[in-house]
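Novice: Residue strings, one per chain:
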Amino acid sequence: MPEQLEIRCPKLGNQVTFAYCLREGGDIPCPRTIKCWHSYFPVEAYLREKLASDDWKRCFNQKPKEKILTLVELIEAAKKQKQTVK
Amino acid sequence: MAFLLCKRAMGFSPWFFFNWKGENIMKQTKVFLNESEMPRQWYNIVADLPTPMSPPLHPGTGKPVGPDDLAPVFPMNLIEQEVSTERWIDIPEPVLDKLCLWRPSPLYRARNFEKLLDAPVKIYYKNEGVSPPGSHKPNTAVAQAYYNKVFGIKRLSTETGAGQWGSALSMACQMFGLECRVFMVKISYEQKPYRRLMMMTWGADCIPSPSNITQAGRKILEEYPDSPGSLGMAISEAIEDAVGDKDARYSLGSVLNHVLLHQTIIGLEAQKQLEKIGDYPDIVMGCAGGGSNFAGLCLPFARDKIHGKQISIVATEPTSCPTMTRGPFAYDFGDTAMTTPLLPMYTLGHDFVPAPIHAGGLRYHGMAPILSHLLKEKIIEARALDQIETFTAGINWARTEGFIPAPETNHAIAAVVQEAQKAKEEGKEKTILFNWSGHGIVDLAAYDAFLSGKLKKYELPEEELQKALESIAGYPKP
Chain A
67 MPEQLEIRCP KLGNQVTFAY CLREGGDIPC PRTIKCWHSY FPVEAYLREK LASDDWKRCF
127 NQKPKEKILT LVELIEAAKK QKQTVK
Chain B
65 MAFLLCKRAM GFSPWFFFNW KGENIMKQTK VFLNESEMPR QWYNIVADLP TPMSPPLHPG
125 TGKPVGPDDL APVFPMNLIE QEVSTERWID IPEPVLDKLC LWRPSPLYRA RNFEKLLDAP
185 VKIYYKNEGV SPPGSHKPNT AVAQAYYNKV FGIKRLSTET GAGQWGSALS MACQMFGLEC
245 RVFMVKISYE QKPYRRLMMM TWGADCIPSP SNITQAGRKI LEEYPDSPGS LGMAISEAIE
305 DAVGDKDARY SLGSVLNHVL LHQTIIGLEA QKQLEKIGDY PDIVMGCAGG GSNFAGLCLP
365 FARDKIHGKQ ISIVATEPTS CPTMTRGPFA YDFGDTAMTT PLLPMYTLGH DFVPAPIHAG
425 GLRYHGMAPI LSHLLKEKII EARALDQIET FTAGINWART EGFIPAPETN HAIAAVVQEA
485 QKAKEEGKEK TILFNWSGHG IVDLAAYDAF LSGKLKKYEL PEEELQKALE SIAGYPKP
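Note that the protein sequences, when read in sequence, are chains A and B.
Residues in the first sequence are numbered consecutively from 67, following the numbering used here.
Residues in the second sequence are numbered consecutively from 65, following the numbering used here.
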């Protein structure tokens with residue numbers, strides 16, 4: 067089964083199995099999964115069958131954020147977290 | 065009877081060999097700069113952009129992200145660099161002192177690889193694998209550690225995947241007497257002991273992420289106790305760790321403007337080295353994940369292009385190339401702003417995918433905004449390459465030039481091969497320069513996967529293929 071196939075993850079910089087890509091986002095796959103795997107097997111069709119429609123949308127139809135905005139969001143979340151702990 | 069005589073040649077090192085007539089019988093392979101010739105300033109391309117970059121907008125306020133928004137995680141001296149429009153920024157002497165441990169890096173001529181390719185090309189490469197951790201990453205790690213130190217920071221926190229960035233920052237922090245905490249994605253922590261050990265050797269605290277020491281990590285572990293982690297999770301932990309300690313800040317190894325700025329020393333050195341031998345490239349190439357090594361080499365040349373030089377600048381991205389014949393679709397975003405859902409680009413039965421998938425690499429998240437902007441302005445171009453093609457290129461490189469490249473570097477080498485083949489077909493002479501961004505000595509597991517056939521394409525059983533095709537039967541076809 068494709069879960070055991072290996073590829074080099076361009077985000078991490080080491081080998082991962084397809085099984086890792088499927089759970090990279092916690093309960094959803096890595097948004098790069100189709101891009102990384104589509105020349106190895108029909109990954110998009112495979113995921114269409116495996117994922118619920120909402121999960122598909124959460125994973126593949128989201129507009130990717132710029133890094134700086136991700137940082138700002140994480141900073142805000144961390145500041146709130148810090149205040150809560152106090 | 066010929067005998068060999070060693071002579072020191074201006075600009076070349078260490079020695080060149082001449083016969084008894086004084087004729088040079090050994091071709092030059094390396095171009096060195098003396099330490100005194102090392103660039104004293106970084107180059108900031110923001111000053112030369114034909115059109116200004118749009119500032120990122122704060123998701124909460126809708127206003128441009130400002131210094132205060134970033135102050136909890138970066139020292140103000142680095143934030144000033146992040147937003148600077150000054151063309152040249154002085155490299156502080158203490159930073160130069162540390163960079164001198166391995167810089168200036170040599171510029172090589174890849175004569176053996178040229179011979180293998182048998183094409184009318186000259187191939188030069190900047191060897192960034194000579195740094196202690198073996199990649200270009202310390203160029204910015206050293207600078208960032210220094211600026212944090214002079215700002216009064218005691219500890220840096222960061223995330224790392226397989227450990228290339230983490231090891232560079234660990235070394236840099238040690239150099240400036242800072243503590244370093246690295247959240248390493250758990251799957252990499254378990255699979256990549258050598259990078260982890262490098263970090264620990266340089267005195268860093270390397271923690272598998274998700275961890276129990278941050279709220280973000282604990283939340284993930286509660287939900288998914290056996291989580292292998294992800295880069296996103298590790299970033300969350302590193303940011304939380306930095307924000308929670310007034311003496312700590314966060315450090316990022318790619319994407320941001322100041323990171324790219326620090327890397328421009330690569331291209332500035334290359335320009336001096338090429339000038340010494342009276343050459344200039346037709347094509348400049350590098351692999352681009354977040355974009356820092358590519359930017360480091362290409363930005364000074366992009367400046368030349370903006371001012372009229374005829375030069376191609378090509379970023380290669382690690383991705384798959386859709387060469388399969390049985391698959392139903394290739395997907396890409398429908399617009400450059402990435403606002404549309406992924407769109408089907410071809411269907412089963414079509415021979416090959418159209419251009420968008422190949423030009424799409426730099427449009428994806430995680431890429432440096434400066435590079436996305438240069439792509440939009442057509443100052444640089446992007447190319448996506450298949451992993452099998454890149455490893456084949458890397459193996460051929462190792463067997464001719466000796467050095468084993470990092471798997472990411474293989475993408476640049478594979479693109480060089482493509483350019484050489486094109487030059488051969490067109491019968492045109494080309495000079496190619498690329499960034500050999502790092503060695504692959506601690507990435508041999510990736511070579512093992514390739515050599516043992518684990519990276520081969522997977523033949524989905526016919527029954528499974530048909531089942532899969534049925535699942536997308538209702539989706540629109542182009």
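Check before you lean on any hint, since a few could be wrong.
To be verified - Taking lysine to aspartate or glutamate and the DMTMM-like style, the derived pairs with C-alpha atoms no more than 20 Å apart in a straight line are:
{"hint": "1", "chain 1": "A", "residue 1": "77", "chain 2": "B", "residue 2": "254"}
{"hint": "2", "chain 1": "B", "residue 1": "127", "chain 2": "A", "residue 2": "132"}
{"hint": "3", "chain 1": "B", "residue 1": "218", "chain 2": "B", "residue 2": "254"}
{"hint": "4", "chain 1": "B", "residue 1": "310", "chain 2": "A", "residue 2": "139"}
{"hint": "5", "chain 1": "B", "residue 1": "440", "chain 2": "A", "residue 2": "139"}
{"hint": "6", "chain 1": "A", "residue 1": "77", "chain 2": "B", "residue 2": "154"}
{"hint": "7", "chain 1": "B", "residue 1": "520", "chain 2": "A", "residue 2": "142"}
{"hint": "8", "chain 1": "B", "residue 1": "127", "chain 2": "A", "residue 2": "72"}
{"hint": "9", "chain 1": "B", "residue 1": "283", "chain 2": "A", "residue 2": "142"}
{"hint": "10", "chain 1": "A", "residue 1": "146", "chain 2": "B", "residue 2": "132"}
{"hint": "11", "chain 1": "B", "residue 1": "283", "chain 2": "A", "residue 2": "139"}
{"hint": "12", "chain 1": "B", "residue 1": "520", "chain 2": "A", "residue 2": "132"}
{"hint": "13", "chain 1": "B", "residue 1": "186", "chain 2": "B", "residue 2": "490"}
{"hint": "14", "chain 1": "A", "residue 1": "146", "chain 2": "B", "residue 2": "346"}
{"hint": "15", "chain 1": "A", "residue 1": "145", "chain 2": "B", "residue 2": "132"}
{"hint": "16", "chain 1": "B", "residue 1": "486", "chain 2": "B", "residue 2": "311"}
{"hint": "17", "chain 1": "B", "residue 1": "310", "chain 2": "A", "residue 2": "69"}
{"hint": "18", "chain 1": "B", "residue 1": "518", "chain 2": "A", "residue 2": "142"}
{"hint": "19", "chain 1": "A", "residue 1": "77", "chain 2": "B", "residue 2": "146"}
{"hint": "20", "chain 1": "B", "residue 1": "283", "chain 2": "A", "residue 2": "93"}
{"hint": "21", "chain 1": "B", "residue 1": "91", "chain 2": "B", "residue 2": "450"}
{"hint": "22", "chain 1": "A", "residue 1": "133", "chain 2": "B", "residue 2": "146"}
{"hint": "23", "chain 1": "B", "residue 1": "518", "chain 2": "A", "residue 2": "72"}
{"hint": "24", "chain 1": "A", "residue 1": "131", "chain 2": "B", "residue 2": "146"}
{"hint": "25", "chain 1": "A", "residue 1": "145", "chain 2": "B", "residue 2": "489"}
{"hint": "26", "chain 1": "A", "residue 1": "133", "chain 2": "B", "residue 2": "132"}
{"hint": "27", "chain 1": "B", "residue 1": "494", "chain 2": "B", "residue 2": "368"}
{"hint": "28", "chain 1": "B", "residue 1": "336", "chain 2": "B", "residue 2": "346"}
{"hint": "29", "chain 1": "B", "residue 1": "373", "chain 2": "B", "residue 2": "441"}
{"hint": "30", "chain 1": "B", "residue 1": "518", "chain 2": "B", "residue 2": "441"}
Said to hold, decoys possible - Here are the in silico distance ranges between beta carbons for each label pair:
{"hint": "31", "chain 1": "A", "residue 1": "128", "chain 2": "B", "residue 2": "149", "range": "24 to 34 Å"}
{"hint": "32", "chain 1": "B", "residue 1": "116", "chain 2": "A", "residue 2": "135", "range": "29 to 39 Å"}
{"hint": "33", "chain 1": "A", "residue 1": "150", "chain 2": "B", "residue 2": "372", "range": "36 to 46 Å"}
Keep in mind the hints are simulated off the structure, nothing from the lab.
Glycine included, C-beta positions come from ideal geometry on N, C-alpha and C.
Novice: Hints first: check each against the structure and report whether it holds.
Specialist: Evaluation of the provided hints:
1. A:77 - B:254: Holds: residue 77 of chain A and residue 254 of chain B sit about 16 Å apart, inside 20 Å.
2. B:127 - A:132: 15 Å, holds
3. B:218 - B:254: At roughly 28 Å apart (the allowed maximum being 20 Å), residue 254 of chain B and residue 218 of chain B break the hint.
4. B:310 - A:139: 19 Å, holds
5. B:440 - A:139: 26 Å, violated
6. A:77 - B:154: 32 Å, violated
7. B:520 - A:142: Given pair residue 520 of chain B, residue 142 of chain A is violated - Cα atoms ~43 Å apart, limit 20 Å.
8. B:127 - A:72: The given pair, whose Cα atoms are some 43 Å apart, is violated under the 20 Å limit.
9. B:283 - A:142: 17 Å, holds
10. A:146 - B:132: 16 Å, holds
11. B:283 - A:139: 17 Å, holds
12. B:520 - A:132: It is violated: about 33 Å lies between the C-alpha atoms, which goes past 20 Å.
13. B:186 - B:490: 15 Å, holds
14. A:146 - B:346: 51 Å, violated
15. A:145 - B:132: Holds. Residue 145 of chain A to residue 132 of chain B sits at ~13 Å (cutoff 20 Å).
16. B:486 - B:311: 54 Å, violated
17. B:310 - A:69: 44 Å, violated
18. B:518 - A:142: 42 Å, violated
19. A:77 - B:146: 23 Å, violated
20. B:283 - A:93: 14 Å, holds
21. B:91 - B:450: Violated: residue 91 of chain B and residue 450 of chain B sit about 34 Å apart, past 20 Å.
22. A:133 - B:146: Given that 20 Å is the threshold and the Cα spacing comes to 13 Å, the pair holds.
23. B:518 - A:72: 6 Å, holds
24. A:131 - B:146: 18 Å, holds
25. A:145 - B:489: Violated: residue 145 of chain A and residue 489 of chain B sit about 58 Å apart, past 20 Å.
26. A:133 - B:132: Satisfied, since the Cα-Cα distance of roughly 17 Å is no more than 20 Å.
27. B:494 - B:368: Judged against 20 Å, a Cα distance of about 18 Å means the pair holds.
28. B:336 - B:346: 16 Å, holds
29. B:373 - B:441: 15 Å, holds
30. B:518 - B:441: Roughly 39 Å separates the two Cα atoms, so the pair is violated.
31. A:128 - B:149: 24 to 34 Å: Since the Cβ atoms of residue 128 of chain A and residue 149 of chain B sit about 32 Å apart, the hinted range of 24 to 34 Å holds.
32. B:116 - A:135: 29 to 39 Å: Cβ of residue 116 of chain B to Cβ of residue 135 of chain A: about 18 Å, so the range 29 to 39 Å is violated.
33. A:150 - B:372: 36 to 46 Å: Because 56 Å falls outside the window, the suggested range is violated.
Figure legend: structure checked against the earlier numbered hints; hints not met, in rising order: 3, 5, 6, 7, 8, 12, 14, 16, 17, 18, 19, 21, 25, 30, 32, 33.
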